[in-house]
Amino acid sequence: MDVSNTYQHLLHKQKQQLIFNSIADAVLIETADRHIEFVNQSFCSLFKLSISPEELIGKSSTNSGFASSFLFKNPSKFIYRVEEIIEEAQPVSQERVVLYDGTTYLRDYFPLIINDAITGHLWLYKPFTFVHVAKANNPHLLTIFEKVLETISVPIAIFDAEKRYLFVNKITLPNADKRKLLIGKTLLEYCNFYNLPTNIALQEAECFNQAVDQQTAVRFEEERTAKNGKSTWWQHILYPISTNEDLNTYVVKYSIDITATKQSTQVLQQTIEGYTHILNSLSEVVVVADNQLRVDFLNKVWEDFGNNAEYENLFGLIGIKNYEFYKQAFAVLGNTAANAKGRLQLAQKNGSKKWFQYHITDGIKSTTNDKGIVAILNDITNEVHLEENLLEVVKREKELNDLKSAFVNMVSHELRTPLAVISSGAEIIQMMLEVGKPASDITPFTSQIITEVERMTAFMNDLLMVSKIEAGKIDFHAEQTDLLSFINSIATNAYQPWKDGRQLSVTTKGKATAIAVDTKMLRHVLQNLIDNAFKYSTNKPAPILRVRYSNTYATISVIDNGIGIHQEDIVKLFASFSRGRNVANIAGTGMGLVVVKYFVQQHGGSITIKSKLDAGSIFSVKLPY
Amino acid sequence: MSKPITVLIIEDEANLLQNISSILGLYGFNVLQASSGEQGIALANKLPNIIVCDVMMEGLNGFDVITQIRANTATQHIPFIFLTAWADVNEKEKGLALGAQAYLTKPFVAKDLVKVINEFAK
Numbered sequence: 001m002d003v004s005n006t007y008q009h010l011l012h013k014q015k016q017q018l019i020f021n022s023i024a025d026a027v028l029i030e031t032a033d034r035h036i037e038f039v040n041q042s043f044c045s046l047f048k049l050s051i052s053p054e055e056l057i058g059k060s061s062t063n064s065g066f067a068s069s070f071l072f073k074n075p076s077k078f079i080y081r082v083e084e085i086i087e088e089a090q091p092v093s094q095e096r097v098v099l100y101d102g103t104t105y106l107r108d109y110f111p112l113i114i115n116d117a118i119t120g121h122l123w124l125y126k127p128f129t130f131v132h133v134a135k136a137n138n139p140h141l142l143t144i145f146e147k148v149l150e151t152i153s154v155p156i157a158i159f160d161a162e163k164r165y166l167f168v169n170k171i172t173l174p175n176a177d178k179r180k181l182l183i184g185k186t187l188l189e190y191c192n193f194y195n196l197p198t199n200i201a202l203q204e205a206e207c208f209n210q211a212v213d214q215q216t217a218v219r220f221e222e223e224r225t226a227k228n229g230k231s232t233w234w235q236h237i238l239y240p241i242s243t244n245e246d247l248n249t250y251v252v253k254y255s256i257d258i259t260a261t262k263q264s265t266q267v268l269q270q271t272i273e274g275y276t277h278i279l280n281s282l283s284e285v286v287v288v289a290d291n292q293l294r295v296d297f298l299n300k301v302w303e304d305f306g307n308n309a310e311y312e313n314l315f316g317l318i319g320i321k322n323y324e325f326y327k328q329a330f331a332v333l334g335n336t337a338a339n340a341k342g343r344l345q346l347a348q349k350n351g352s353k354k355w356f357q358y359h360i361t362d363g364i365k366s367t368t369n370d371k372g373i374v375a376i377l378n379d380i381t382n383e384v385h386l387e388e389n390l391l392e393v394v395k396r397e398k399e400l401n402d403l404k405s406a407f408v409n410m411v412s413h414e415l416r417t418p419l420a421v422i423s424s425g426a427e428i429i430q431m432m433l434e435v436g437k438p439a440s441d442i443t444p445f446t447s448q449i450i451t452e453v454e455r456m457t458a459f460m461n462d463l464l465m466v467s468k469i470e471a472g473k474i475d476f477h478a479e480q481t482d483l484l485s486f487i488n489s490i491a492t493n494a495y496q497p498w499k500d501g502r503q504l505s506v507t508t509k510g511k512a513t514a515i516a517v518d519t520k521m522l523r524h525v526l527q528n529l530i531d532n533a534f535k536y537s538t539n540k541p542a543p544i545l546r547v548r549y550s551n552t553y554a555t556i557s558v559i560d561n562g563i564g565i566h567q568e569d570i571v572k573l574f575a576s577f578s579r580g581r582n583v584a585n586i587a588g589t590g591m592g593l594v595v596v597k598y599f600v601q602q603h604g605g606s607i608t609i610k611s612k613l614d615a616g617s618i619f620s621v622k623l624p625y
Numbered sequence: 626m627s628k629p630i631t632v633l634i635i636e637d638e639a640n641l642l643q644n645i646s647s648i649l650g651l652y653g654f655n656v657l658q659a660s661s662g663e664q665g666i667a668l669a670n671k672l673p674n675i676i677v678c679d680v681m682m683e684g685l686n687g688f689d690v691i692t693q694i695r696a697n698t699a700t701q702h703i704p705f706i707f708l709t710a711w712a713d714v715n716e717k718e719k720g721l722a723l724g725a726q727a728y729l730t731k732p733f734v735a736k737d738l739v740k741v742i743n744e745f746a747k
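Residue numbers (this note's numbering), protein chains in the order written: chain V, 1 to 625; chain A, 626 to 747.
Possibly wrong hints are sitting among the right ones.
Claimed, not checked - For each label pair, taking beta carbons as the anchor points, the in silico distance ranges come out as:
#1 A/T631 <-> V/E470: 20 to 26 Å
#2 V/K437 <-> A/T631: 20 to 26 Å
#3 A/E744 <-> V/D475: 38 to 44 Å
#4 A/E744 <-> V/T538: 26 to 32 Å
#5 V/K353 <-> A/T692: 53 to 59 Å
#6 A/V714 <-> V/N350: 27 to 33 Å
#7 V/S405 <-> A/T692: 33 to 39 Å
#8 A/V714 <-> V/A471: 27 to 33 Å
#9 A/A667 <-> V/A439: 47 to 53 Å
#10 V/T538 <-> A/V714: 38 to 44 Å
Quick caveat, the hints were computed from the structure, so don't treat them as lab data.
Every residue gets a Cβ at the ideal spot worked out from N, C-alpha and C, and that includes glycine.
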């Protein structure tokens, strides 16, 4: 019987303990003489007691109270008030006690009275919160909260830790029945129930987990398309809430209509894209850099030019050698110059070099409001090359001019000398006639005049030929020719016989081979050489023309027994007209051989001279087949 | 009758040397003929009353000749006339700067040459 009673008692105690331990409020039950009969875990936590509730049972709570009184803002007042309550033996409700750290608790006290006798004391300590206070004063508190939440004109919902809706306001879901149905469900369950798309529900669930795990607000965006096709953008914020009193976690979700922001962002984005497109379609390189010349923007043109764009700052981009650019860029940044211009040369990826003209102006970095620069680079490689070419042309023009005036002087000199002979000869004839000299005295001077006129004419012809060559009016037209019959026709025409009765003899050696020649040019060459051979071998055996055929070329040699040419003069004879500023030094007939040499070269051939003074000369023209 | 004026003619163009000599002979001058600069300098030692000299010649040219004539105390006083086909102004200035009394260009008129010789001959 006793055993049974004891068992029943223990069972009762355990039940009691279980119930009290599940209460968040701190509970203390004392015997009439203030020994601890029961205490729950919340009480131990509140009063920072380091032993378990079971160990406290039977202990004097006066001692424990003293030991814990330091926790209170005014320990002596706390102890005094506890004793006062015990003495008064009247219930106490909602009495504030303040801990040293400022947190406030509400104290309830109930004397445990059986048969008018105090058998114990019940103490309750609860956190002083709006909910506790309001709940105590107004059992309809939650309804009030709901109404408060309804007054806020943004969608609001509250979830438990399992993502189940605890509350959702009218703005979120205007239909009351649906609202009712939503409560207690997750959004995913709700969507499945109504066969709605679940993508947002899944995204929300992910953000929900993140918010709870990291104990931080998590945002996500949703685009909603209404039946009329109009889009709205919403930003949802999931805010985790947990308190010491309530170990459960709740999540509050509120949503903001960001359609306007989104639209203007889109417009801005489109504008930026538009401007970027424009900047990329320019022919100039546009680069925007901050005050440390870090590149904020670089249009595509840069890469189109074959430049390397993998640099963060202008120093890498443009190369440190172009220090003048940086000097000017910093001048613009430092306000010592409003803008700056210059040229720079850049090595391309492929190793080639390009010239750019740059223009630097100041710019503002929008994000930080710091000063920056805008540099525009223009590819002027072609212009620079043109300039260089132009300079080269000017230089060559000057050389040509110098050559021309030297040429004019030479021509003037070459004409004035025979003219002087002619005019002085004429004056002599006149004087002789005046004094009645016989015709035999006069004849040498008349023939002298005729010779000089011939000399001038020949010179003029040479001059004309040179000018034609210079003007490019002489084209090379080769045709297959039988060399021997061509030479024979020239010979019979003018040199068999020559003016003085001598006969040019023509000899051949080797197997005759057809050869492509420009007959006009070759005729000029041969006539010039044969004329000279006769002219400079007066009263000597007649010149010989020898044709020799070899494997790859034919050689035509004009051999005379004349006066010969001084070794030093042979070089001068070949001094090319266009080569020499010293053209004035090519005395007399040098012009003729210049033309001869040019014509031979047109055939891909060459001309050589062998000569011995007072023995004769051999002019050999070598023509390839 | 005063002693006739002796003119040294230096000219490498044979026909012209002959013609100038004939003309000056017909005008009653004594003529010394030189067909090169080197020969002219040698004949200058005969102290002609005046020298008429071409500019462009093989070997020593006219400017070389006057430089040597002027450098020689025996000949430096002899009046010197250039007669040249070299009509460039710069060349004329150069010739006069080297100490020539006159710079005549070819072709020339006999009377002008005679007039200049008579003017400068000593």
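> Should the hint that V/K353 and A/T692 are 53 to 59 Å apart at their CB atoms be regarded as holding?
Replying inline: Taking Cβ atoms as reference, V/K353 and A/T692 lie about 54 Å apart, which means the hint holds.
> Given a hinted range of 27 to 33 Å, is it respected by the beta-carbon distance of A/V714 and V/N350?
Replying inline: Violated - the Cβ-Cβ distance for A/V714 and V/N350, about 56 Å, lies outside 27 to 33 Å.
> For the pair A/T631 and V/E470, does the Cβ-Cβ distance stay inside 20 to 26 Å?
Replying inline: Violated, at about 48 Å.
>> Can you tell me whether the CB distance of A/A667 to V/A439 sits inside 47 to 53 Å?
In response: 38 Å, violated
> A/E744 and V/D475, beta-carbon distance inside 38 to 44 Å?
Replying inline: Since the Cβ atoms of A/E744 and V/D475 sit about 57 Å apart, the hinted range of 38 to 44 Å is violated.
>> Given the hint of 27 to 33 Å, is the C-beta distance from A/V714 to V/A471 inside that range or not?
In response: 29 Å, holds
> Is the distance from the Cβ of V/T538 to the Cβ of A/V714 consistent with 38 to 44 Å?
Replying inline: For V/T538 and A/V714 the Cβ distance comes to about 40 Å; the hint holds.
> Is the hinted range of 20 to 26 Å satisfied by the C-beta distance from V/K437 to A/T631?
Replying inline: 24 Å, holds
> Is the distance from the Cβ of V/S405 to the Cβ of A/T692 consistent with 33 to 39 Å?
Replying inline: Violated - the Cβ-Cβ distance for V/S405 and A/T692, about 25 Å, lies outside 33 to 39 Å.
> Could one say that the CB atoms of A/E744 and V/T538 fall in the range 26 to 32 Å?
Replying inline: Given about 42 Å between the Cβ atoms, the range is violated.
Checked against the numbered hints above, the structure breaks hints 1, 3, 4, 6, 7, 9 and satisfies the rest.
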